[in-house]
Amino acid sequence: MNESTLFVITFILYILSAFFYLGFLFSKKPNWAKNGSALAILGLITHTAALIVRTIESGHAPFTNMYESLSFLSWASVLAFVIIDKQFKIPKIGPYLMLVVIGLVALASSPLMPKQATPLVPALQSYWLWLHVSVTLLGEAFFAVAFITSLMYLAAKEPDKKEKWDSVSYRCVAVGFPLFTLGGLVFGMVWAYKAWGTYWSWDPKEVWSLITWFVFALYLHTRIVMGWKGKRSAVIAIIGFLAALFTYFGVNYLLAGLHSYA
Amino acid sequence: MKVFIKFFTSIRLAIVLLIILTAASVLGTLIPQQRSLEEYAVRYGRLASPLVRLQLTGLYHSVWYLALLALFALNIIVCTLTRLSPKWRKAVRPHILTEAKSLLALKVKDRYKKSAPLSEVKAELEKSLASSGYRLRTEAKDAEVHVLARKKILGIFGSDVVHLGLLIILAGGIISGLTSVRKELALKEGETLPVPRAPFEIRLDKFTTEYYPDGSVKAWKSAVTVIENTAPVLAKTIVVNKPLTYRGYSFYQTSYGWDWDNPAVEIWSKKKSDPSFLKKFKLRVGEKIALDDKDQTSIAVARFIPDFVLGEGNEPQTRSLQPNNPAAFVEGFQAGEKVFSGWIFANFPDMDRIHAAKETDLSFELKGFEAGQYSVLEAAQDPGANLIWIGCILTMLGLGLAFYWPPREIKAVLEESQGKTEVIAGGIAAKSRDSFRSEFEKIMTSARRPK
Chain A
1 MNESTLFVIT FILYILSAFF YLGFLFSKKP NWAKNGSALA ILGLITHTAA
51 LIVRTIESGH APFTNMYESL SFLSWASVLA FVIIDKQFKI PKIGPYLMLV
101 VIGLVALASS PLMPKQATPL VPALQSYWLW LHVSVTLLGE AFFAVAFITS
151 LMYLAAKEPD KKEKWDSVSY RCVAVGFPLF TLGGLVFGMV WAYKAWGTYW
201 SWDPKEVWSL ITWFVFALYL HTRIVMGWKG KRSAVIAIIG FLAALFTYFG
251 VNYLLAGLHS YA
Chain B
1 MKVFIKFFTS IRLAIVLLII LTAASVLGTL IPQQRSLEEY AVRYGRLASP
51 LVRLQLTGLY HSVWYLALLA LFALNIIVCT LTRLSPKWRK AVRPHILTEA
101 KSLLALKVKD RYKKSAPLSE VKAELEKSLA SSGYRLRTEA KDAEVHVLAR
151 KKILGIFGSD VVHLGLLIIL AGGIISGLTS VRKELALKEG ETLPVPRAPF
201 EIRLDKFTTE YYPDGSVKAW KSAVTVIENT APVLAKTIVV NKPLTYRGYS
251 FYQTSYGWDW DNPAVEIWSK KKSDPSFLKK FKLRVGEKIA LDDKDQTSIA
301 VARFIPDFVL GEGNEPQTRS LQPNNPAAFV EGFQAGEKVF SGWIFANFPD
351 MDRIHAAKET DLSFELKGFE AGQYSVLEAA QDPGANLIWI GCILTMLGLG
401 LAFYWPPREI KAVLEESQGK TEVIAGGIAA KSRDSFRSEF EKIMTSARRP
451 K
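Sequences listed follow chains A and B, in order. The numbering of the first sequence is the working numbering, which starts it at 1 and goes up by one. The numbering of the second sequence is the working numbering, which starts it at 1 and goes up by one.
With the rest of the complex left out, here is chain B (with noise of 0.2 Å):
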């Protein structure tokens, strides 16, 4: 039990842990994540069902990934108290005595001897370290005086910090994952939806999509109006990358459409055995209209597909709700009796496909469509992102003192005898050994130094 609870506590634990997290996650991006239980079968064959099972399909939310996340939380959190209590005590109550056998031993050290009283050979020791940004603390032992000088001390809180802000993020991300909401809102212009949660819902007032001279897509731009109690009291108009935010809501541009069920379209008629005779016209899905009074021929569009494929048995259907091969499927009647039908389409004017009953002089161009579009908005709360903030400034900091604010220590015994003050000193740095030793010897000089 001990030996559990030991490594329970340990670094070893950490690390165990940062491998097995490490490879969790590699695993995670070579099986394509939460996709249908039918795309695993084709992809997986029998080995879908335990994949599945194990949550492998979902690792990153799986229970055994959070408990591994959460392991390594109460990990970090004994690692970092069961070290904190020294480093804190180091920090705030330091031992000043110290033996001048155990400076001598160190690497940067120093001594020498002055012909002057103690006081003044202290005063000046700690006038030259003072200069150098040290805060010094001395302490007296029978005839010796013990200096301890010390800069950057907070250095030593780095790790201690950048493992608050990760613990923060995780903090914030368990938040994120139980109430944050998100939900998609698609809107036609004009068209206004509550917000699920919010007391307040939101209209789109106008949708527009800006191009660059190449035809590439520059901006999707949704005016948008917050209405609270049928009052509006906000307007702004949301692009991508710059979200609305209203009452702990934020509103993203994430997608757009056209809205296909009653689009109008432009369709162009002439005649075969007459080229000055042309027609156009703009009609709706479904609505009829008197072509010629001559034959009494009326037309009608009975569907519009944007993006035309045959499909499974010459089914026509669309492919995309993207206008890519729009086409129209154009009915003649005469006498209330149906005379021709078939599909023009857009992109290929010359490929009408009129079937006629009888004979019919007439051909069909497509020429435009309307439809109206609507914008995708997604509506999200996230109460859980302040805190990663926090933590990710909280990190970088730790991460900066840790790296660049390394403590320095030096340490001086003093002690007089005849009328002489030696001086015995060493010092400790964490790391920038070199640039250490060089303050060091700067240091020691000035205060060495005659009057």
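Isolated chain A, as found in the complex (with noise of 0.2 Å):
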């Protein structure tokens, strides 16, 4: 089976998992969580099969252009939010993750992203080119999780469902945020060290990259020394995430610089 077509079934299976989850929402049975959650793993291994045939058929890591890296964020989004839920027990945040990510594989359909493979460029010839993008969208992934958890600590109104909304944030950020400094900016800076000779230009792609790393940082002090929890916690992971998406998306579009692949 070829990539499209797997990406295709992908889709239908992520499509199939948000209706169960919403299916969830209303009718409160577990039942529809659980066809929700095996829709989504079934749509994950599919999807790790699109990946794994793209990266044989190209001869490249897959995420090379902007439908490639969209493709594969929403791949590290539903692992993240597997693993999140198998251990902390959270279908209600199913749907809304769900939505979200069918939102990125819509965007990576649209006409808009040029889905062919290309010849990869001199720049992106390293095998650093997979650790630093898979390591960097993946602890990206679970800020977005940890985004949506921090929505729903918001949205809650009963205080123990709101404790466990902001531990699981916080435990989501825990694993984000380790991965993100890995991925994005230690790799990021042998990765540049070693095609460009400097490992920091201040580059808007690198300085976003350290925003994001500051808020997250603020998220981690405010928490863990000033004891600040709940809301507050919250609208700074919220912020982190939203720095983290312009740092991936923004700066790209936005602002020009040396950054200028996906």
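Honestly, the hints are just simulated from the structure, not real lab data. Some hints could be false.
As the list claims (entries may be wrong) - Interface residues of chain A toward chain B, partial, derived using beta-carbon atoms under 10 Å:
id, residue
1, S27
2, P122
3, L124
4, L185
5, W200
6, W208
7, L218
To be verified - Below, simulated EDC-like cross-link-like pairs (lysine to aspartate or glutamate); rule was C-alpha separation at most 20 Å, straight line:
id, chain 1, residue 1, chain 2, residue 2
8, B, K270, B, E126
9, A, K164, B, D434
10, A, K89, B, D434
11, B, K442, B, E126
12, B, K107, A, D160
13, B, K431, A, D160
14, A, K115, B, D361
15, B, K431, A, E163
16, B, K218, A, E57
Keep in mind the model is a prediction, meaning the values are calculated, not measured. Ideal Cβ positions, reconstructed from N, Cα and C, are used throughout, including at glycine.
Starting from the two chains in their separate frames, assemble the complex, guided by the hints.
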């Protein structure tokens, strides 16, 4: 089976998953959530296959243009959700997360994104492409889950539910922050040094990943040292995710710089 | 003053600085950095000069941004040190003695009695704790024995290791900023250039561009030789992402171009009246060659432009240094007098613009050109880079410790009376309390099990 077929199947599975999760949201029947989760996992499997096929067909890492990296980010987000859901049993975020994922996949499938696999330009011919992009996007996927759980916190009414959303948000940041630091900043610096001879150039993409990092550093310090929890923590996590999103997406379209691939 | 010092050494300052640094960094991405004064004047008009004066156009290298970073570093040092000494005491010389009452107030706790002497019960408890990886310290007080069992105690230093790593990264950045050397070396094939401040030279032997079948660039390859005291010592091919490193210097493939000073041009000449007439010749710019013996015409190429465009006043000029629209200015002479001249274009063979004083039968096509290519290598020496990598490793190690090496502590008080020993135990874990609770229960179950 080729990549685009697998991608379409994945898209359909994610939509069905979102449908069942929405059903769960309204009916409160746990079976709906179970089906939603099973479909999400099934989608994750076909999505993985699509990424593998793409890698084999193109001969390079499946994140060298916007279509590929959107596809990978949506894959990472589903993976992060499946892991967090298994750990903390939070099917309630299913509908929202799957809707975000469907948005990403739809954006990737839109005619705006050239889907053709192009040969790798010299700057991207490095194994650091794998390490830098995959770890960064995985970190950002956990920020995405933290974003949704933080919104859930703000929307929740009962104190015990609020506490759960607060603690799940923190756990997501605890996974996302080290991954983002390693992939985005450390691996990014190593690769920049190997390719350009300088580990830091104050390029807008670099600065925005530093900004994202500052925001989550703020999250951790206000929380751990100053004991901020709940509403203020949730707001900082939301800002942090928006900064990560801008680093990933906005910088490419709104600011010019060295980092003009994806 | 005291209030000021307190603020200066507080985590509050760290948070204020994080917010200011974030805001300033955002600002620096909104204003294009380090452009020319003219560009700012066009873009911002009257605001340009205050922006430049406030160093907002070179924000990340401005005095005030660097001062903020320095203040941040100082704050990290002070905050870390003030927290470090109590942590260190806790790790190295912990309080073993405790109150049974305070243990029973903990969320994770247990108490049991065994009909056995204290030494035996203690040995069983210790064995059970040790098998779960706890390190033990005991102290006797009156008739009681106090046990302190801990594991993953290094986890309490996670944030300190992160901060140390960040300080080393900042130090590396300062060293890079002050001492790093960067210079672009544009080398033609066969050319040797000295490397600034280094005791060796570098020679470009061959520069090649490889293409994919679709015509896009696959690789730029510069085969170079390092020459020390006139002797070649090392030969290597530099590719993007694969720099050459020699004696603390690294050489990166950064750019390339054509040497348009003295290209050779290939021209075909035809006669309108005689379809069988075809003359191919190759000549350098400025060179004059005889074309036709019969009417004693000789031609010359006066100019070559790689990317032809008509500029102001219809003046021919090049748009770029890439051969996107190559054009040659051909001149024809008869008896030493110029009789025709005009531009011919490689991409538009039918569009020759030959202006003739006398009617000419000749037409020309620009078929090709040969220009030497040069490769641009960046020579860089950055003594700060190694500190950056050490700092990165420490930062990641510290994050790992802080998030995934949570310390756990179990304290117990044992007391024997009338042949029975009572054990009161309680535990504290910084993180993953559920798994700690089940570990605690497992330890206690195995300790209280009758032999």
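So, going through the hints one by one against the coordinates:
At about 30 Å, the closest approach between the beta carbon of S27 of chain A and any beta carbon in chain B exceeds 10 Å, and the interface hint on this residue is violated. Checking P122 of chain A against chain B: minimum C-beta separation of about 4 Å stays under 10 Å; hint holds. For L124 of chain A, the interface hint holds, the least distance from its beta-carbon to any beta-carbon of chain B being 8 Å, beneath 10 Å. At about 8 Å, the closest approach between the beta carbon of L185 of chain A and any beta carbon in chain B falls short of 10 Å, and the interface hint on this residue holds.
Because the smallest distance between the Cβ of W200 of chain A and any Cβ of chain B comes to about 7 Å, under 10 Å, the interface hint for this residue holds. The interface hint given for W208 of chain A is met, as the beta carbon of that residue sits about 6 Å from the closest beta carbon of chain B, less than 10 Å. The interface hint given for L218 of chain A holds, since its Cβ lies 5 Å from the closest Cβ of chain B, which is under the 10 Å cut-off. For the hint linking K270 of chain B to E126 of chain B, the alpha-carbon distance of about 103 Å lies beyond 20 Å, and the restraint is violated.
Among the hinted pairs, K164 of chain A with D434 of chain B is consistent with the structure: their alpha-carbon atoms are about 14 Å apart, no more than 20 Å. Straight-line distance between C-alpha atoms of K89 of chain A and D434 of chain B comes to about 14 Å, which keeps the hinted pair within the 20 Å bound. Only pairs whose Cα atoms come within 20 Å are accepted, and K442 of chain B paired with E126 of chain B is accepted, the gap being roughly 13 Å. Taking the CA atoms of K107 of chain B and D160 of chain A, the gap is about 18 Å. The hint holds against a cut of 20 Å.
Proximity of K431 of chain B to D160 of chain A is assessed by CA-CA distance (about 19 Å); at most 20 Å being required, the pair is judged to hold. Annotation: proposed proximity of K115 of chain A to D361 of chain B is violated, straight-line Cα distance about 53 Å (limit 20 Å). For the proposed pair K431 of chain B and E163 of chain A, the alpha carbon gap of about 15 Å is at most 20 Å, so the pair holds. Among the hinted pairs, K218 of chain B with E57 of chain A is consistent with the structure: their alpha-carbon atoms are about 17 Å apart, no more than 20 Å.
In the structure shown, a violation is registered for the earlier hints numbered 1, 8, 14, in ascending order.
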